[in-house]
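Please build the complete structure, drawing on both the sequences and the hints.
In the order they appear, the protein sequences are chains C and L.
For reference, each letter of the first sequence is one residue, going 1 to 249 in UniProt numbering.
For reference, each letter of the second sequence is one residue, going 1 to 258 in UniProt numbering.
No lab work stands behind these hints, which were simulated from the structure alone.
Note that the structure is predicted; figures quoted are calculated from it, not measured.
We put the beta carbon where it would ideally sit given N, CA and C, even for glycine.
Just so you know, not all the hints are guaranteed correct.
Unchecked claim - Cβ pair distances, simulated, as ranges:
hint, chain 1, residue 1, chain 2, residue 2, range
1, L, D198, C, S26, 53 to 63 Å
2, C, Q160, L, C86, 25 to 35 Å
3, L, F84, C, H174, 47 to 57 Å
4, L, V58, C, L66, 22 to 32 Å
5, L, T150, C, E37, 48 to 58 Å
6, L, P44, C, L56, 15 to 25 Å
7, L, D198, C, L56, 50 to 60 Å
8, L, D198, C, R182, 54 to 64 Å
Okay, here's what each chain looks like letter by letter:
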Amino acid sequence: MFALSENDPLSACARQLNSTLETIFSQVRQLVDETCELWERVVAEGRQPVAKDLALLRPAIDRQLLATGAFGCGGGVILEPGSLADREMHLEWWYLADAGKTLPLRPNFDRRRENFYDYTAAPWFSRPRESGTSSVEGPYVDLYGTNMYVLTFTMPIFVQGQFIGVAGLDLSLHNVERMLVRSLMRLAHEAVLISADGRVIASNTANWLVGDLAPKLLEPDNSEAVRLVLAEPEAGWSLISLPGLRSAA
Amino acid sequence: MSALNTARSTAFIRLRQEGRTDEVARRLVEAIELGLFAEGQQLPSETELAMQLGVATVTLREALVVLRQRGLIETRRGRNGGSFVCAPVELPEVLLLQRLREMSGPDLRDLGDEQLAISGTAARLAAQRGSKEQYARIAQHIDTLKQAGTRLGRHRADARFHIEVAAAAQSLRLTHAEMRLQSEVGELLWLEAAGGGDVTVVEQEHRAILQALVSNDTVLAGALAEAHVSRGIKRLIGLRLELLAESESEGEAGAVLA
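So, in structure tokens, the structure goes:
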């Protein structure tokens with residue numbers, strides 16, 4: 001990794017990407033805060049929250065999905081099993097349909113059925129639960145939820161030190177790639193944005209395709225490329241600048 | 001008639017005779033057949049479902065009529081009313097055999113060609129792009145297949161294996177294509193008469209494909225997936241010919257008797 005000056009185009013690009021990430025995480029954080037407030041209010045009434053209480057989060061979720069300039073195509077909270085008084089597993093998750101409306105995701109939590117939706121096994125749930133920090137999953141084809149190609153941003157929710165679930169946003173790669181590429185196009189060199197597991201999220205060159213695995217680019221001894229780890233450390237994203245010029249591609 | 005006219009009339013492949021309603025019905029049937037909606041589960045309201053699918057409520061209603069007629073859903077009236085997914089009914093083997101007999105040889109081969117293209121490419125890309133979690137899920141579907149005791153159970157586990165491979169390829173288009181193909185041809189492969197009573201061969205083929213995926217061997221994964229699809233289609237083509245031969249000889253016997 002190289003020391004770069006503040007005005008270096010690569011640093012400028014990284015700053016822009018960072019601010020995009022910050023915006024997304026701050027949207028998720030708002031859901032975390034709303035949930036904490038709600039939870040504490042109910043607990044203060046001397047009872048354990050029930051599924052119905054969480055329905056009150058809908059305006060907050062809608063706000064994140066319907067606001068102008070919002071990135072999310074789905075969002076909400078997913079609960080740690082056993083946190084609610086009346087349901088073992090539960091999620092309050094809404095996704096964007098046509099015509100600016102949101103629809104609830106209602107997966108099947110009946111273990112005896114083969115389409116049982118076990119979110120506790122999903123990395124976007126288990127990682128924040130185990131690490132206590134935010135996580136970004138994907139891009140991946142969401143077979144079991146919304147059937148889209150997405151990135152999932154999640155943050156753990158703790159109330160008085162106890163993990164009660166995660167809040168999250170799904171971003172359709174179709175929308176978000178456009179914005180990320182706009183930042184990458186400011187660079188003269190070929191550049192790719194790569195996830196922690198080495199998957200290409202966006203690229204300013206046809207030589208690297210979205211969804212491809214490029215773990216070699218993350219290797220520290222790769223002297224050909226300049227790697228910048230984005231400041232939002234929990235996203236685990238890296239910006240890689242390659243030796244080739246973009247126009248020469 | 002000039003040669004030009006003849007050329008013109010064959011220049012286009014005829015469009016699939018599928019209207020909006022048929023398409024919506026097909027997608028719902030796929031979702032139910034592949035078990036994405038479980039038995040007894042209530043479907044979302046008509047308005048909601050129409051929105052999900054991006055069609056007018058009228059179109060959705062027409063599609064639901066098709067599903068009702070096929071016995072896939074039932075609609076209850078009243079306060080707790082709505083449309084519910086019926087317990088899956090295994091179509092009698094005779095009916096499926098008839099469906100196979102009605103398909104033409106070239107049709108079956110062409111279906112195989114398409115599946116070869118989709119499943120082969122999906123496997124190649126999945127070997128390149130798949131994650132450990134995805135490979136683990138693919139392995140689970142193989143275990144489910146091994147344990148499945150019914151034709152429907154086998155069909156679903158087999159279909160899920162292929163759909164999960166397409167998802168691991170990171171491609172929405174391949175995933176949707178695989179869902180359609182599995183719903184179209186999957187159940188036939190598990191006919192008793194097509195050798196569907198024995199899962200071991202398919203299970204071994206699935207394991208070999210998974211092995212290639214895990215070792216990121218794109219060429220091998222693609223080749224194994226293609227061979228797997230070819231063998232399946234070959235079984236169906238063989239079975240269809242047998243059925244034709246049977247009905248021929250029955251016909252002859254009939255003619256002699258007459």
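- D198 (chain L) paired with R182 (chain C), Cβ distance criterion 54 to 64 Å: 55 Å, holds
- Query: Holds or violated: 50 to 60 Å for the Cβ distance of D198 (chain L) and L56 (chain C)?
  - Reply: Given about 54 Å between the Cβ atoms, the range holds.
- Task: Take a look at whether the Cβ-Cβ distance between F84 (chain L) and H174 (chain C) falls inside 47 to 57 Å.
- Result: 33 Å, violated
- Determine whether the Cβ-Cβ distance between V58 (chain L) and L66 (chain C) falls within the hinted range of 22 to 32 Å. 26 Å, holds
- Distance restraint hint 48 to 58 Å, applied to the beta-carbon atoms of T150 (chain L) and E37 (chain C): 49 Å, holds
- Does the Cβ-Cβ separation between P44 (chain L) and L56 (chain C) fall within 15 to 25 Å? 22 Å, holds
- Item | D198 (chain L) versus S26 (chain C) beta-carbon gap, inside 53 to 63 Å or not | About 56 Å separates the Cβ atoms of D198 (chain L) and S26 (chain C), which means 53 to 63 Å holds.
- Would you say the C-beta atoms of Q160 (chain C) and C86 (chain L) sit inside 25 to 35 Å of each other? 46 Å, violated
Violated hints for the displayed structure, listed by number in ascending order: 2 and 3.
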